[in-house]
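Asker: Now for the letters of each chain:
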Amino acid sequence: MSEREDLLWALERQARSLADVLAEARILWRDANARAAEQKFLQPRAAAESTVLAAVAAQHRELASAAQAGLLAEEKHRQCAAESAEAARNAAASDQSAQAALREASTALAQADQTDHLAAGVRGLIAQATAAGSD
Amino acid sequence: MTQHNPTALINALESVAYELRRSGSVLRSGMEDTAREQWHSEEHARRVQGLAALATEAAREDERRVREAEHLAGQAEASARRSQERGGQALANAQAALREAHAAVALWRGNLAKARERLETARRDLAAALSVLAECERRCAAAASAYRACASAPRDPNGPARDCSSLYAALASAERAVTAARGQVETARREVSRAESRVAACSHAVEHAEAALGAATRAVASGHAAVSAAHGALRLAAAARQASNEARAAVNREHSASEELTGAAQLAGIRIRDAAAQLRLAEHSASEITIYEDTGRGEIDRAIEALQELNRPGVLP
Numbered sequence: 001m002s003e004r005e006d007l008l009w010a011l012e013r014q015a016r017s018l019a020d021v022l023a024e025a026r027i028l029w030r031d032a033n034a035r036a037a038e039q040k041f042l043q044p045r046a047a048a049e050s051t052v053l054a055a056v057a058a059q060h061r062e063l064a065s066a067a068q069a070g071l072l073a074e075e076k077h078r079q080c081a082a083e084s085a086e087a088a089r090n091a092a093a094s095d096q097s098a099q100a101a102l103r104e105a106s107t108a109l110a111q112a113d114q115t116d117h118l119a120a121g122v123r124g125l126i127a128q129a130t131a132a133g134s135d
Numbered sequence: 001m002t003q004h005n006p007t008a009l010i011n012a013l014e015s016v017a018y019e020l021r022r023s024g025s026v027l028r029s030g031m032e033d034t035a036r037e038q039w040h041s042e043e044h045a046r047r048v049q050g051l052a053a054l055a056t057e058a059a060r061e062d063e064r065r066v067r068e069a070e071h072l073a074g075q076a077e078a079s080a081r082r083s084q085e086r087g088g089q090a091l092a093n094a095q096a097a098l099r100e101a102h103a104a105v106a107l108w109r110g111n112l113a114k115a116r117e118r119l120e121t122a123r124r125d126l127a128a129a130l131s132v133l134a135e136c137e138r139r140c141a142a143a144a145s146a147y148r149a150c151a152s153a154p155r156d157p158n159g160p161a162r163d164c165s166s167l168y169a170a171l172a173s174a175e176r177a178v179t180a181a182r183g184q185v186e187t188a189r190r191e192v193s194r195a196e197s198r199v200a201a202c203s204h205a206v207e208h209a210e211a212a213l214g215a216a217t218r219a220v221a222s223g224h225a226a227v228s229a230a231h232g233a234l235r236l237a238a239a240a241r242q243a244s245n246e247a248r249a250a251v252n253r254e255h256s257a258s259e260e261l262t263g264a265a266q267l268a269g270i271r272i273r274d275a276a277a278q279l280r281l282a283e284h285s286a287s288e289i290t291i292y293e294d295t296g297r298g299e300i301d302r303a304i305e306a307l308q309e310l311n312r313p314g315v316l317p
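So the sequences go chain by chain: A and B.
Using our numbering, read the first sequence as starting at 1 and increasing by one per residue.
Using our numbering, read the second sequence as starting at 1 and increasing by one per residue.
One should not assume that every hint holds.
[Claimed, not checked] Lysine to any residue pairs mimicking SDA-like chemistry, simulated, CA-CA at most 20 Å apart:
hint	chain 1	residue 1	chain 2	residue 2
1	A	Lys40	B	Glu288
2	A	Lys40	B	Ala172
3	A	Lys40	A	Ala58
4	A	Lys40	B	Arg21
The set of hints was computed from the structure by calculation and includes no laboratory data.
Pulled out of the complex, with its shape left as it was, chain A reads as follows (with noise of 0.2 Å):
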């Protein structure tokens, strides 16, 4: 039993130890004082026990409906950080990538540019031999 139970179960049979001493005094006490008792506050304060006793049990419900959403609540938490790490994790894992896949596309766009460098000096020696062969 948890504690909100614990409580309530003492209230509760608190009330019905009340209730069966009352029962039994009702047996003997029975004069115009009695009667007098039972309005003015024997019948209203087991009217207001009955309201406690309810009120109570409505208010433990909505708190163990709080604690379930709570636990869901915290669930849902861990698995928010273990989703951000791993979003984090990726996204860091592109960035190396990334940046790696730019340097390699530089390095090939400078190879690139070194091959026409050299099929550009090719034509020249090829116009050299030309002009050599012409002599």
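Fit chain B to the given chain A structure using the hints.
Answerer: Relative to the frame of chain A, chain B by itself:
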């Protein structure tokens, strides 16, 4: 007041008074406990709502971070594709240059071989011309010798007049042959010189063409390196895209969990407020009970006193 034994009734009323006091005590204690439970639950709900706010903020930040990663991965893909296209063009250019260099080497090696053949021919022609010139000079020397012998022989006064004209004519003819042979030699020498120049020019052309071939080979290797680097860039860009897709999936799940967290936190808040309303109702009724108990205990105490008065010896019921 009652038809029963007053002592028994006093006992019963005292029991009622006792239970009423006990009930009051239990109720007060219970209300304190349940108020404490309410407070703890409210604290927990506030904590959960704080977690929800933090998770929402974290999800927003992660969304921004993943968008950056997606953007960078897109840039890497575009750059890798450009480098692939550029590398392909450069390689094709280098391969064309290599073909041109091969053709130039073949052309100038062929021309060099022809020039060398021409030089050999010119040298043979020169040797032949020199040989002819030597023969002509020998004949010319012989003719000159014969003519001088004729011209310088003692004259016979009684004999016929000397006639050296045929020797002279032979000498003149031999001298013309020498002149012609010298012309042939000169012509052959010039041809040798031209052929040598042609060989030298073709040799230079071959050297340049071979240098071009070497450079073209290096250009092709460089083009292959460019293409290989571009392939590497594409592979890395694909890995970046894959990782950013996984990051996107994770952040989407994070958004979903964050929304559920917010919903649960809000539900907890609503339940806590409902519980607080019930607690207020219970506390209001509990305060009424306290008032009724104060009244009740007074009434019961008075009833007990009245019964005790009746129960005293000498007092008639």
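Asker: So, for every hint listed, does it hold in this structure?
Answerer: Hints, verified against the model:
1. A/Lys40 - B/Glu288: Judged against 20 Å, a Cα distance of about 12 Å means the pair holds.
2. A/Lys40 - B/Ala172: Judged against 20 Å, a Cα distance of about 182 Å means the pair is violated.
3. A/Lys40 - A/Ala58: violated, 28 Å
4. A/Lys40 - B/Arg21: holds, 17 Å
Against the hints set out earlier in the document, violations occur for numbers 2 and 3.
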